[in-house]
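> One-letter residues, chain by chain:
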Amino acid sequence: KAGVTQTPRYLIKTRGQQVTLSCSPISGHRSVSWYQQTPGQGLQFLFEYFSETQRNKGNFPGRFSGRQFSNSRSEMNVSTLELGDSALYLCASSEGTGYEKLFFGSGTQLSVL
Amino acid sequence: DQQVKQNSPSLSVQEGRISILNCDYTNSMFDYFLWYKKYPAEGPTFLISISSIKDKNEDGRFTVFLNKSAKHLSLHIVPSQPGDSAVYFCAASLNYGGATNKLIFGTGTLLAVQP
Numbered sequence: 001k002a003g004v005t006q007t008p009r010y011l012i013k014t015r016g017q018q019v020t021l022s023c024s025p026i027s028g029h030r031s032v033s034w035y036q037q038t039p040g041q042g043l044q045f046l047f048e049y050f051s052e053t054q055r056n057k058g059n060f061p062g063r064f065s066g067r068q069f070s071n072s073r074s075e076m077n078v079s080t081l082e083l084g085d086s087a088l089y090l091c092a093s094s095e096g097t098g099y100e101k102l103f104f105g106s107g108t109q110l111s112v113l
Numbered sequence: 001d002q003q004v005k006q007n008s009p010s011l012s013v014q015e016g017r018i019s020i021l022n023c024d025y026t027n028s029m030f031d032y033f034l035w036y037k038k039y040p041a042e043g044p045t046f047l048i049s050i051s052s053i054k055d056k057n058e059d060g061r062f063t064v065f066l067n068k069s070a071k072h073l074s075l076h077i078v079p080s081q082p083g084d085s086a087v088y089f090c091a092a093s094l095n096y097g098g099a100t101n102k103l104i105f106g107t108g109t110l111l112a113v114q115p
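Protein chains in written order, with the numbering used here: chain B, 1 to 113; chain G, 1 to 115.
The set of hints was computed from the structure by calculation and includes no laboratory data. Since the model is a prediction, treat every value here as computed from it, not as a measurement. Ideal Cβ positions, reconstructed from N, Cα and C, are used throughout, including at glycine. Careful, some of the hints might be misleading.
[As the list claims (entries may be wrong)] Covered by chain G, according to a simulated footprint, are these stretches of chain B (three or more residues, beta-carbon under 8 Å): (1) 17 to 25; (2) 35 to 42.
[What the hints assert, rightly or not] Distance ranges between label pairs, derived from CB positions: (3) B:Glu-82 <-> G:Pro-79: 40 to 48 Å; (4) G:Gln-14 <-> B:Gln-17: 19 to 27 Å; (5) B:Gln-41 <-> G:Ile-53: 24 to 32 Å; (6) B:Arg-9 <-> G:Lys-56: 36 to 44 Å; (7) B:Arg-15 <-> G:Gln-14: 45 to 53 Å; (8) B:Gly-84 <-> G:Asn-67: 20 to 28 Å; (9) B:Lys-57 <-> G:Pro-82: 34 to 42 Å.
Model the full assembly from the supplied sequences, consistent with the hints where possible.
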């Protein structure tokens, strides 16, 4: 099976712009979750989608949003970018049944200038 | 509020010896714990997990121990190999009441295995 695929791999934006990141989960996986990794902060949970519905949400401002399509592919959007949004954004997929491991993609490295 | 803590930012071990990575948590409701390994510019790779109903789980060179009374878990790697050099994250989740993939991660421990 192909792994979790995230595009693009790298992205450079300026403050105030908006950005959309894409994630294709492992075939058959219905849950997609998103994490932000910044230096010294570890991985912070953004949100999780299961069967096109947001199942969990982290403590991020409303500028961060996401969605999931019927084929389980997911996108996350960040509007009005701030310098502090520079981070590695990781997508993870699983079957969504709980008590299971997540499979992570390689991430999208976002730099906001 | 850091619910999952890895108090050692780094650890250096000789090849062939045991590596012990530690993790503490504050939420007694966490019921599933995982360890991930991460190389730079790559996504985390799953290593091993443990449910809160167990106190030990073993997979090859990797063993995870859970001490619920102390809210502490540890990862033992025996024997350590240079290829184990990476950042190790522990993570916890709370599935009681509904399945979730909301993982709370620690800040990571950089393991360096010296040849």
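> Determine for every hint whether it applies to the structure shown.
Now for the hints, and whether the structure bears them out:
{"no.": "1", "hint": "17 to 25", "verdict": "violated (count 0)"}
{"no.": "2", "hint": "35 to 42", "verdict": "holds (count 4)"}
{"no.": "3", "hint": "B:Glu-82 <-> G:Pro-79: 40 to 48 Å", "verdict": "46 Å, holds"}
{"no.": "4", "hint": "G:Gln-14 <-> B:Gln-17: 19 to 27 Å", "verdict": "49 Å, violated"}
{"no.": "5", "hint": "B:Gln-41 <-> G:Ile-53: 24 to 32 Å", "verdict": "31 Å, holds"}
{"no.": "6", "hint": "B:Arg-9 <-> G:Lys-56: 36 to 44 Å", "verdict": "39 Å, holds"}
{"no.": "7", "hint": "B:Arg-15 <-> G:Gln-14: 45 to 53 Å", "verdict": "47 Å, holds"}
{"no.": "8", "hint": "B:Gly-84 <-> G:Asn-67: 20 to 28 Å", "verdict": "36 Å, violated"}
{"no.": "9", "hint": "B:Lys-57 <-> G:Pro-82: 34 to 42 Å", "verdict": "40 Å, holds"}
Of the numbered hints listed earlier, those contradicted by the structure are 1, 4 and 8.
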